[in-house]
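Keeping their order, the protein sequence lines are chains P and C.
Taking the numbering used here, I'd label the letters of the first sequence as residues 3 to 199.
Taking the numbering used here, I'd label the letters of the second sequence as residues 29 to 363.
Some hints could be false.
[Stated by the list, open to error] Straight-line alpha carbon distances no greater than 20 Å define the calculated PhoX-like cross-link-like pairs of lysine-lysine that follow: (1) P:LYS114 <-> C:LYS361; (2) C:LYS142 <-> C:LYS92; (3) P:LYS114 <-> C:LYS360; (4) C:LYS285 <-> C:LYS167; (5) C:LYS200 <-> C:LYS167; (6) C:LYS299 <-> P:LYS173; (7) C:LYS299 <-> C:LYS285; (8) C:LYS337 <-> P:LYS110; (9) C:LYS92 <-> P:LYS110; (10) C:LYS92 <-> C:LYS155.
These are calculated hints, taken from the structure and not from any lab test.
If you want the building blocks of each chain, they are given just below.
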Amino acid sequence: MKTLLLHRFAKPLAFVLALLPFAWMLLAASTHQLGANPAQALSRATGDWTLRFLCLVLAVTPLRVITGTAALARFRRMLGLFVYFYAVLHLMSYAWFDMGFDLMAISKDIPKRPFILVGFSTFVLLTALALTSFNRAIKTLGSKRWQLLHKLIYVVAGLAILHFFWMRAGKNNFAEVYVYGSVLGLLLAWRLGSGRK
Amino acid sequence: MLIKTSRNGFFHAVSSEITPQHVYAGRRDLIKLLASGVAGVALASMAERQALAQTAVLTPRPGKLAALASVKSTVAGARTVEKVTDYKDASSYNNFYEFGTDKSEPERNAHTLKTRPWAITIEGLVKKPATFALEDLLKLSAQEERVYRLRCVEGWSMVIPWVGYSLSALIKKVEPLGAAKYVEFVTLADPKTMPYVSSHVLDWPYVEGLRMDEAMHPLTLLSFGMYGEVLPNQNGAPVRLVVPWKYGFKSAKSLVKIRFTEQPPATAWSKAAWREYGFFSNVNPNVDHPRWSQASERRIGEDGLFTRKRKTLLFNGYEAQVGQLYAGMDLKKFF
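All chains should be modelled from the sequences, with the hints used to inform the complete structure.
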């Protein structure tokens with residue numbers, strides 16, 4: 003297992019795998035496989051994959067500690083950046099498909115709707131984390147401050163679930179919200195538990 | 029008043045209903061063109077497509093279900109000339125929560141719905157309460173084809189050729205009492221055939237309601253079919269309501285009971301989220317849903333991913349026909 007994770011093709015392979023959902027979206031969109039409302043299908047898919055990668059990246063540390071597989075840490079940054087990648091696509095599908103890139107309308111829409119405001123704030127926080135994800139940023143900030151800043155990922159997780167919950171609230175349809183919420187909750191709870199030791 | 033508006037009794041056709049003169053003058057040429065087999069060229073422009081809609085008899089059948097014969101409706105506003113949505117989209121992208129909350133689920137799950145035998149019970153404040161078997165309902169009045177815009181509260185729209193007749197025909201038969209101010213529509217909630225009726229997504233059965241004058245409006249349709257055929261299960265078979273100037277969820281599917289009441293009925297969505305879904309729920313671009321704008325909409329199957337969404341019209345474009353029902357009402361308060 004360890005040698006597999008340390009193999010020089012392990013990272014490129016993970017990179018390609020992480021791009022598969024995006025490739026599927028492109029293929030489905032260009033071959034009319036997205037159903038009657040492709041814009042909505044893409045908004046949903048990009049949002050879903052943002053949440054899934056958020057679960058994945060937050061699972062890295064618990065898995066590493068529990069299984070004692072230090073090599074897993076190599077994938078954390080890449081997975082984090084894929085959270086951002088799908089979040090960018092998610093924001094773009096709102097701005098482009100829903101709002102026709104009308105910046106005036108977008109800037110009026112964001113503060114007006116709590117659920118969009120929360121989504122947008124989550125994106126701003128993720129931007130800060132993505133911009134400080136490279137080695138030089140860690141050096142410049144100092145590892146303590148950098149770690150403190152990147153604790154924001156927990157805030158991101160909470161806001162992302164709130165955004166998803168609000169989006170579904172009008173329709174009383176929370177099954178998926180509970181699934182993602184409990185996965186993220188479990189991952190955060192593990193951290194609280196292990197921190198106390 | 030020099031300026032005539034619908035407020036002082038001037039009802040004008042909306043611009044989309046007026047056939048341009050050159051099209052009108054040229055419709056015989058178009059028929060000749062069609063007959064000579066060069067229709068493809070003729071269909072290229074919007075104007076001629078409109079002319080085709082004016083001259084064509086009825087929407088062609090997709091050939092999926094039993095035919096339901098009808099005549100062209102003569103009710104004002106009942107036949108929009110916009111491009112009709114593909115049958116595939118209209119029958120595979122549905123909100124019918126009894127069969128699932130994802131819009132692809134009703135098509136997959138609704139095959140369990142048993143549409144025969146079927147009856148609608150009429151009760152409440154009426155002189156002649158009765159239960160009508162579906163067979164009798166089908167024959168109660170002449171079946172008409174009506175091409176309506178359908179605007180979903182979620183911000184998308186379709187154009188659907190329904191088959192049915194004005195609900196008023198049925199209402200007149202049962203003779204509502206003077207005290208009847210509202211009409212409640214109760215739909216089927218059968219946990220054996222509807223998988224989500226055991227879920228808590230909504231308070232079942234799904235109930236909708238109209239004010240008496242809305243229910244009596246000629247555009248309010250009791251529908252038994254679409255695209256010249258009986259309704260697919262996922263679209264609310266065997267009989268449903270269609271109220272084209274209101275958001276789609278007002279048009280209750282698979283009706284089993286119609287009750288005449290003095291008080292406004294508690295409708296399913298206003299019970300679930302009263303801040304978001306009002307009793308009237310008229311299509312209105314100026315009254316936003318709390319979580320999204322209602323100013324524009326995406327026409328399913330027509331507007332591409334990158335096309336700007338089209339502007340939503342007040343009362344879904346039926347202002348000329350229904351505007352007077354709401355004269356003097358604050359539509360922001362009574363949303």
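Tell me the numbers of any earlier hints that the structure contravenes, in ascending order.
Violated hints (numbers, rising): 9 and 10; every other hint is consistent with the structure.
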